[in-house]
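*Asks:* Reading the sequence shown from the start, the letters are residues 47 to 497 in the working numbering.
If you are wondering where the hints come from, they were derived from the structure by calculation, not from laboratory data.
Don't take each hint at face value.
Lysine to any residue pairs mimicking SDA-like chemistry, simulated, CA-CA at most 20 Å apart [as the list claims (entries may be wrong)]:
no., residue 1, residue 2
1, K72, A91
2, K72, H429
3, K72, Q94
4, K158, R117
Across the chosen pairs, the derived CB separations fall in these ranges [unchecked claim]:
no., residue 1, residue 2, range
5, L463, T313, 35 to 43 Å
6, Q437, L463, 25 to 33 Å
7, L463, T434, 18 to 26 Å
Glycine included, every Cβ here is placed at the ideal spot set by N, Cα and C.
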Amino acid sequence: MEEFEHLDYYALLGIERNARIDAIKKAYRQQMILYHPDRYIHTNADEQAYASRRAQRINEAYQVLSDFVARTAYNRRLAPENAEPEVASLKRASAAPPAPPPRDTLADLYDKARDHLDAGRYPQAIADFRTIQQINPFYRDSAVLLAQAEAALRRATRATSKARPTPKPDKSRRKLVFGGVGALAMAGLGALGWGLRDRLSDNAAAEAPQADPLPSPTTPPASPAPTVPPAPTPASTVPTAPVSPDATARTAPVPTSDPTAPPVAATPVTLPETGPIAYANDLTSGEGWPEVGGRGWNVGFAQDGYRITAVRSAGNIWAFNTSPAGMDYLIGVDVTVTGGAGGLMVRFAESNFLAFFVEPATGRYRLEQRVNGSDNRLRDEVHPAIATEPQATNRLVARLAGLEVALGINGQAVATLIVEAPPPTSRYGMIALAREPEVVALFRNLSIREL
47 MEEFEHLDYY ALLGIERNAR IDAIKKAYRQ QMILYHPDRY IHTNADEQAY ASRRAQRINE
107 AYQVLSDFVA RTAYNRRLAP ENAEPEVASL KRASAAPPAP PPRDTLADLY DKARDHLDAG
167 RYPQAIADFR TIQQINPFYR DSAVLLAQAE AALRRATRAT SKARPTPKPD KSRRKLVFGG
227 VGALAMAGLG ALGWGLRDRL SDNAAAEAPQ ADPLPSPTTP PASPAPTVPP APTPASTVPT
287 APVSPDATAR TAPVPTSDPT APPVAATPVT LPETGPIAYA NDLTSGEGWP EVGGRGWNVG
347 FAQDGYRITA VRSAGNIWAF NTSPAGMDYL IGVDVTVTGG AGGLMVRFAE SNFLAFFVEP
407 ATGRYRLEQR VNGSDNRLRD EVHPAIATEP QATNRLVARL AGLEVALGIN GQAVATLIVE
467 APPPTSRYGM IALAREPEVV ALFRNLSIRE L
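Construct the complete structure from the given sequences, taking the supplied hints into account.
*Replies:* Structure, rendered in C-alpha cells:
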C-alpha cells in the first residue's frame, strides 16, 4: 500500500478540516499539477502507476470535500484530530506538501540536456528539455533553459545563412554572349537600313517631277511648333498609403477631387499569422493536453476539438502547456463559445496570467490581468471583427514580444499595449468563464509561431 493511501482526504490535499471551498479548489489544482498522469508519460512503469493511483485518490478527495452533504457525512466518519497519536501525526504530516515520487530518470535527462546546451548541441538540448516539459513543466529551470537553447539555435542558423557565399554570375561569359548578340543585331539593322534606303530612292526617282530635286536625306522635315507640356506634379506632394502584407487584396482607394464623392472607409489594420511554425495541433487527436474534471467543470477532448465546460460558480477554468518557441511568440486558436467567454491565457505562472477573452453573445473582447490573485481589466470593448452569430467561430491571435502584447480577432488587429505584469513566461493555455448557468468553449487549430 502506498504512503498516501493512509492519509485522509484533508491530509491528501494538504488542507485544514475547516478549509473553505476556494482553498479546496486551489489545493486540488496544485495536487493535480504534480500528479496528473500526463506528466509521467515518459517515466518508468512504476512512476506512471504511482501517479495514476494518486491522481485517482486526489479526484475522490475533491469530489467528497467539494460537496457539502458528502463532506458532512465524511467528517462524521473521521476520528477526532486528538483521538490517537497516529491520527495526530498524520495531521502534522499534512501541513507539508506531499513529496513526489523518485525522479532519478528526470534528473538524468535534465543533466544530459544541460551538457548538450553547454557544448553547443542545441537540437539535442531542445529535444531533451521539451521532453522534461511534457513530464513536468515546473521542473527546476527547464523552461528557461529551453528558451535559451531555442534562441541560440536560431542565432546559429541565421549566422550560418549569412556566412554562406552567394554564387556570382560569370561576367566574362555574359559579356561574350551580349557582345555576340549585339553584333548580330547591328549587322541586321545595317542591312535593313541599306535596303530601305535603296527602295526609297527608286520610288522617289520614279514619282517625283524631274525639275524638282530630291530632298536631301540629311534635311529634317518641317515640324509644327513645339508645345510646352504642363509642369509635372512633384512626387513628394502626393501622399502614399503604407502597404500591408496583403496589399493586393486591400488596395487603398485613390483620393478624388470630386467634392460630391462619398467618404472612403479606413482599411482595417491586420495582424497576420506569419513566421516559422513551432507547434501546431488541430486539437482533435486526443494528445498533448490534459483531460480532467471536477464538480461543475470539465476539460478534455471531444469529437470536434478540445472542450472546456464550467458552471457559473466554478470561475475561470483553464488548461495550460509550454510554448516551444520560448517567451516571444505568436499564438492563434479558433474558439466557439456559448454561454460565456473563452479564449487564450498567456504569461501563465501559478495564479498569475493574462487572459484574452471573446464573448460572441455581446460582441465584446477583453484583456484581463491577474497578479497575485488580484484581477484588473485592461481592455473591454465591442469590436466589429467579432462574429456574433450562434455557434460562430472566432480566430484569436496574440503576439507576445517582450512586454508588448498585440491582440487580433479574425485577422484584424484590435489592440496593442505594453503590459509589465505578470512578466513574460513560456507557458500559455486555453480558458473559459461562464456568464450563463454553463459555458461551453470549443477550441480548434492551435498554432504557435516563432517571432
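*Asks:* Checking one constraint from the list: CA of K72 to CA of Q94, max 20 Å. Satisfied?
*Replies:* This hinted pair is violated, its Cα atoms lying about 24 Å apart.
*Asks:* Could you see if the CB distance from L463 to T313 stays within 35 to 43 Å?
*Replies:* 22 Å, violated
*Asks:* Confirm or reject the claim that L463 and T434 have a C-beta distance inside 18 to 26 Å.
*Replies:* This hint holds: roughly 24 Å between Cβ atoms.
*Asks:* Quick check on a hinted range of 25 to 33 Å for Q437 and L463, using CB atoms only.
*Replies:* This hint holds: roughly 31 Å between Cβ atoms.
*Asks:* Hinted pair, alpha-carbon criterion (20 Å max): K158, R117. Please report holds or violated.
*Replies:* Violated, at roughly 47 Å.
*Asks:* Taking 20 Å as the top limit, are the C-alpha atoms of K72 and A91 close enough?
*Replies:* Answer violated: K72 to A91 is near 29 Å, above 20 Å.
*Asks:* Given the hinted pair K72 and H429, is their alpha-carbon gap at most 20 Å?
*Replies:* Violated, at roughly 34 Å.
Of the numbered hints given earlier, the model fails hints 1, 2, 3, 4 and 5; all others are met.
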